[in-house]
Every structure is written in structure tokens, then in C-alpha cells.
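**Q** Spelled out from the first residue to the last, the chains are:
There are 2 protein chains.
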Amino acid sequence: MTLRAERDVPDAAPDDAPDDAPDDAPGNPERAYVHAHLADLHADLDAWLRIPSISADPAHAKDVAASAAWLAAALRRTGFPTVEIWPTDGAPAVFAEWPSADPGAPTALVYGHHDVQPVDPPEQWVHPPFEPTLLEGPDGPELHARGAIDDKGNVAFHLLGLRAHLAATGRDTPAVTVKLLVEGEEESGSPHFAAMLAGNRDRLACDVVVVSDTGMAAPDVPSAVVAMRGLADAEITLRGPAVDLHSGSFGGGVPNPLHAMARLLASLHDDAGRVTLPGFYDRVRPLGDRERELLGRVPFDERAWLAGPAASRAAAGEAGFSTLERIGARPTAEVNGMWGGYTGPGHKTIIPAEAHAKLTFRLVPDQRPADLGPQVRAWVEANVPEGIEAEVHVPPGGVAPCASDLDSPAMDALLRAIARAFDTDPDQVLFTREGGSGPEADLVEQLGAPLLFLGAGLPTDRIHSPNERVLLPMLHRGAEAAAHLWRELAGLRVS
Amino acid sequence: MTLRAERDVPDAAPDDAPDDAPDDAPGNPERAYVHAHLADLHADLDAWLRIPSISADPAHAKDVAASAAWLAAALRRTGFPTVEIWPTDGAPAVFAEWPSADPGAPTALVYGHHDVQPVDPPEQWVHPPFEPTLLEGPDGPELHARGAIDDKGNVAFHLLGLRAHLAATGRDTPAVTVKLLVEGEEESGSPHFAAMLAGNRDRLACDVVVVSDTGMAAPDVPSAVVAMRGLADAEITLRGPAVDLHSGSFGGGVPNPLHAMARLLASLHDDAGRVTLPGFYDRVRPLGDRERELLGRVPFDERAWLAGPAASRAAAGEAGFSTLERIGARPTAEVNGMWGGYTGPGHKTIIPAEAHAKLTFRLVPDQRPADLGPQVRAWVEANVPEGIEAEVHVPPGGVAPCASDLDSPAMDALLRAIARAFDTDPDQVLFTREGGSGPEADLVEQLGAPLLFLGAGLPTDRIHSPNERVLLPMLHRGAEAAAHLWRELAGLRVS
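Those protein sequences? They're chains A and B, same order as listed.
Heads up: the first sequence begins at 1 in our numbering, then just goes up one per residue.
Heads up: the second sequence begins at 1001 in our numbering, then just goes up one per residue.
Honestly, the hints are just simulated from the structure, not real lab data.
Beta carbons are placed, not taken as given, at the ideal position from N, Cα and C, and that holds for glycine.
All the pointers check out, no bait thrown in.
Some chain B residues judged to face chain A by a derived CB distance under 7 angstroms, without partners named:
no.: 1; residue: 1247
no.: 2; residue: 1250
no.: 3; residue: 1252
no.: 4; residue: 1253
no.: 5; residue: 1255
no.: 6; residue: 1258
no.: 7; residue: 1311
no.: 8; residue: 1326
no.: 9; residue: 1327
no.: 10; residue: 1332
no.: 11; residue: 1335
no.: 12; residue: 1336
no.: 13; residue: 1343
no.: 14; residue: 1387
Some chain B residues close to chain A (C-beta under 7 angstroms, calculated; not the full set):
no.: 15; residue: 1314
no.: 16; residue: 1334
no.: 17; residue: 1339
Generate the whole structure from the sequences, applying the supplied hints.
**A** Here it is as C-alpha cells:
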């Protein structure tokens, strides 16, 4: 199935525009509706954020269930005729569906999650994490709470967005069939997500997936995430002597596995910062000129980034790519842990028997996690000296990278929707990349639908950290963009 | 003070040879006496080995004191007119002195220790470690016990050796003044040894130090240790981001301290296996042709060594040197421990804030431990990339390497003594090197006397391991060589 453009976008219904539409939205009834109903969005979010739905903590299992129940009720209030709580072997997900009355209307599936990260360390929160607090910031009002944007804010704007779509188009049903799947285990690695998708393919069938778990580049910079990186991991053990040896009696005469590990890991990147695994780059889709140009226009203050979130003394990485390209659009190899020998106080004069390292690889389209096992093994084999025995463990699975099709009618629809919410032209919407990895790849694989990303977060929102916040103007833009998106997608037809 | 040769060796006194001299020692009254009194040596050693003088275990402090008391009594029985127990802030040492009646006779100080290693793991001992057990082995009778050779056996043979010297020369006092210093903390790192030496320089003054804490190359191979390696250690911390970073959001864009540590440690050796610290080899005294030739004649079965004590799959090390040269006569750098990042089960996708490594260096004459600090710092500075902060901790002190003067009259005397005990010529006595490090360097530094090594151990004696043993024929050779040595040294005069 593909979506193709057929300019049949539902007209706005200015005559039906609500009476309380503010003056700042001439010809933009979606915005008028959103702005007239901000209080609903804020009230909904305030109530939902008070539920500490921490999926990683078994003590909060009831809260995660309460969060699902709250969302189900809110979706029913919004008007969804079908709302279901789907149990899993872990935390429950919420599924909702609002069919379009239009024959042949495409179906969009919104993906989000209702569980939140733990709050550690709690003493670093200026305001209690589950008592949403409104503060005035330099870019407008901010709501501080765990989950404010990741991901309750991103899900909540869809409730207002869909009402705005209906009001602006004067319809009783959306112009596209809208489904939502909001899982409860994303912050715990989505262990039951793939199975849930596999078991509900018919219910979840759609023409486009709209992932609402990301964000934009900066408050006044309309942008769209267009890809996420995949993930594969490996653990390496090198063995030398059968036992720890005395370095006085044997030092200088036998291979030391720590030396071998250092040389192996030093060989993981060449001097240009490129990963040396054989074949690692073979399937990497080159960054297109258009995407590179749009990514290059993303405002990025590297000095502030280093001083702030990156907390680092310098940027570093693959030669020939910018920092934004390196952290989002290029595959990487990172050693996450390394250990061996004596690590206590003082010294112990041994040549240890073993050395260990844990590595993860971030993958970009069209790399495949399953290729990493053979690549890692070949690299280790080529770089371990005589007298050292290597054991490589590469767990099956991994996370595939995923990306939007930049030249698709669905992507064009998204860009028009975002542009309209930011009062600009679609070609002014920049592209960004999400460097992390998530269950989005499962959606592509299981449902076979193209991906769009629409989120209202900012890189400065401190997700997963103390004092998470959402910038309310961004949330309002998100609601409006969602409303525009349903109308834009309705202009496409399944073929 | 130096010792110079003056052929004034006391005659043997064949007329005074004991009546019970066996027939196998014609013209060798020292051997005749030793062989006639083996039962005394065996009985002494059996009694002493029953005292579990484990200095590392505070629960055995009384045993270490009992061991010192036993030795003091035995030295008095032997005839030493002066025997003292020297308390330290740790375990006591034993000092004894038997002055020569000859005016101008040189003074020799024997060094050894009466404490022993712990016995872990006790279940691996075939016979209880403190119940000496006599077994018949392929090379003759073996006595199995903790401390059998390290170092009670090596000290005990001097008691018989000195009696043999007196009997063989028909003297009431030794031909050289003999002092003994037998410490009680060697297996705990000799923490109070240097202070004890400094506080007793006059009492310990000597013309030559005879270290009896080593051994020979093989049962029928007369050999002398001629050097010990020194030791210096360093700990390195590399710091990257201020906190552990998410590898999805930051991976590929900032320096990873584990990568930097791997590259740093990989640069510790060049491709020829040479240590790359600047100036590291500047003060290394080249291995002389004579020593190299003698070391090269030491029987060494590398395959058996790898399959046995080295427990390794291959030999490795500095190009251009044999394994015996690498482990004894060449300086080394070993990474003893390395750690950083996530080391638990599964994976954690972080770029860690820190990486750590512990290194030790074995030094050979004339390297100086104090030079290592600047060398390590210069090496780290030259090999740490931008964005990584390095902290290098090099504790003061370290252990200096030490060596015998191969071309000295004292060395000639030792070689003649050993040769006579093995019925061979002095130029058939091979040279070996001790790769480990010990308090011997303190003796050189504090007392300013040249070093000789005379020990009866074998590389196969399992010192520090379960089932330590001494080969009794080696112990008998040690006693005889010691007896010959006192006579040979008496031929030297202090000038």
C-alpha cells in the first residue's frame, strides 16, 4: 500500500469557526480552536501527570494501570468510539480508533507511551516531579513534571488536535481514520511491544504511522525528525593465561589480555573516526543533499551544547560530518564498559587472566542489526594477537534503524501541517535525526506502513533527567500541527 | 669500601675432618661435614616449618614472633655469640653476628626472612602445609611445607653451612665476620624494613650482602642470580563528559574516555614490544656479552614453561630478546587493571564519564623508580586526545633494581663456592635473573655494600602456591656452597 497525493483536502469551514476564536488566527480555524481550548489541554495534562506511571519500578505497577485508565477515559471524552485497554505480560497499552466516515480515507496510527522514567535523583527536582508546576521561562510558560513531554505531553496534544480538526472542518468524524496505540513499557525497553503488534496486526492496520515521542530543534524552528538510529550490542572477552600471573616472574614474557583488549578497542575506529568493522558502512544510505542541507540549517550552538547537555570538553567524531550529523545521521560504535584485572586500592602486580568489554553500535538506514554479529567477529579475529583467545557474544535481536521517506506524499503532508502551525512554508521546515533507538522500528516491520514523526519536545526539555518540562507554546503548536496533519493526510488516497 | 682479591684463602684442615666424613667427599671437608650432619638440618627445618609464621594474617602475629624466637635459639645453638630479636612496628626480625678473630677479615651480611605466605587455597594442599612431609621425587627427596624453601630452607642451610665452615677449617670463629638479618615481613611487602636498616646501619655494616631468598635454574645446573628487577607503579584516570551520557543522544559526537584509554594503553608498547615511555630505556644497562651467553645456556623448555607455570598459549614480548631475558633482564610495562563504564549484566547505552587503569613497571639496572613519574606523565600527555582530561598518580618510592657486579672479586668468590658444591669449574656456573622485586634494593641503598645471591630454590618449587617444597639435595648444596663461600670471601681484603 502506498499513499499518493490527490488534492482533495477538506475545506476549512470558516462559517463554523467557534465564536471564541481569537483574532490571531485568521484563516486558521485549527489554531483558533486550539487557542480557544488551551485550558482543556492544560487541565488534562495536569491530571495525567499526577499519576506516577513509572514502568521500571514494580511498586508503580498500579500507577501505570491508572495512567492507562485515565487515558482511556480521556479518549472516550474526546469522542473516540472505540477505546480499549490492552493488557500485556507487563504494563497495559491503550488502543483507540475513530473511523472516518469517508470511504477510501487513509488510516493513520499515532504511537506514543503513557509510562514515564524514574525520577532519580529526587533531591535534584526543584518542584515535586508528580505535582505539575507552571513556571514562566524565557520562551514562554513551562510546565514542569516527570512525563511533561516524554511522553504524556506528546500524546495529550493529539486529544485537542483531533477536536480542533473536527471543529475546523465541521465534521463529525475525522477526515482520516485515526488510531492511537499508547504503550506502557517504553521506558522499560518495550519488552512486550513486538508481540502485541504481531498479535493485533489487523486492528492496527494503517497507511501511515505518526510517532509522537520526539520533538523539534528549537522553540521557533519548525522541524521534523526523519529517522531514528538502530542498536546492536556485543560483549567481548579476551583470555590470556589460565590464572592471574605474577608480573615479576612472567611480566614481559606472555601476552597480557588487557594489552590485547586495549589494542583491539583502539582499532575500533581509524584515525578519521570511522568504525573499522569490515562491511560496517556497506549498507549505510548516504545522507541526501536535501536532508544534509536542511539538517545544516538547524540552529546549533555547539559551545552551549558542550557546556550544557553534552557536558564535554570538546566535540569529536567522524571526519567530514558535523556534530549534528554525527549524533543523528551516522552510525557509531561506543565502548560502554571495559574491565579486567585488579581494580582495588593500591597495586597488585598481576598479568590478569581475562579482559572484558561491552560495546553498542548505533545503526542508520539501511544497516541491519543481524549483520553486526559477523562483522564484530571478523574484526575481533583480525585484531587479536597470538596467545589470546577471544569470545564474542552478540545477542540476537537488536533494534533496526528506521526513517521517513523524504520524497513521499505523506512527508509532504507532514511538512505542510508543521509549516502551517509555524506560519511558514513547507520548504522552511528543517529535518533532524533522532540518535536514539526505540520500538518505532517494530512498527515499520510489523505494520509495513511508512513513518512520520510529529512531536513537541525540545532538546532542552531534560527528558529522563530531573526537572523535565514542556514548553506550553510548543505543545500548542503540536496540537495545531496534528489538526492540520489529519486534513492534509485526507488529501491522499490509498492506492 | 671495596673487596679486592688477595689469595689468602684459609686452608682446608683435612686432618681435622670429621671421622664420620663419607667417602664421596675427598678433599672437600665442607661437604663431608654437611653430609655427616644432614639430620641436624632436617630436624631444625622440620621444627621451624611447623610454626605458621604468616605475616599477612594478624591472627598469626604470635606465630611470627614464635618463629623469630625459634630462629634466635637455633642461631645460639649454632654458636653465634650475638643473637638479638629486633622488634619493628610490625613483625620482629632476628639479627645475629659471629665476628671473625682475624683482623681485617671482611664482613658478610646474610639476608633472609622467617615469615611465610598464606596457604590459600588450603584444600589444594596434598599434605597439611604446616606438617612437613618428606616425599621421594624424581630428583630426590622433597620436603613439602609452606616456607620449605621460601625462605626458611634458604635461611636454615646457613646454620649447617657455617658449622661446616668451622669444622672444615678447624677454626673457632669464622674466617669472615658473619652477620644475619632475617626479617619477618617480607611476604607483607617489608613495610618497616627500610626504617630498620636506617636505624641500625652501624650494627649491619658489612662488605658484602649475601641474599638467600632465591634459587638456581635447575637441580643439576649450578647458577647464580645476578640481578633483581625494580618496581614502580602508576594509576591513570581519564575523564570525558561530566556525567555518563546517553549513547543514542551523544554517541559519535563527544570523546569517549574508554576509547581514549584503549588508545593510550595500546600506545604503551610499539610493534616491537618496546615500552614507549619517553626516556624509558635511557638508563638501561645493556646486557653484557658474558651474562647473555651464560643466561643463554640456562636450560629452559619454553613449551613446558608455557604449559606449566606460565599457563599461557604463547610467549610474547620485546623483539630481539629470549623469553628468559624478557622476564628477567628487560624492563617491562604491564597493565594490571583497567575499568570504566557499565560492567553489569546486559547492556547500558552510555558514554561513561571516566576510565581507569593501573600499571606497574619492572625496572632493570640502572633505571630509577623516581624517573617513572615524569616519563608516565609525558607519555600520557602526548597520547590523550582533545576533550579528555588525564590524571596520573605515581606514588613516591617504588623499588630500585639491583644487581651483582659480575666482574668483582666477591662475585668470583661466589662462583668458586658454587662451582665447588657442584663439582665443576667457576666458568660453568650460569647466570640467571630474578624478575621480581624485593627489599634487596634497600640493603644496597642503606648499607652501600655489593650484593651476592645464594639460594637453593628451584623454579618448580611452587613458592607462594599450594604444595610448596624444597628439594633436599639442593638444600645440601646450599649449605655446602655457603661453607665454601665463607672461606672464599676470607681470601678478600677490605681496601
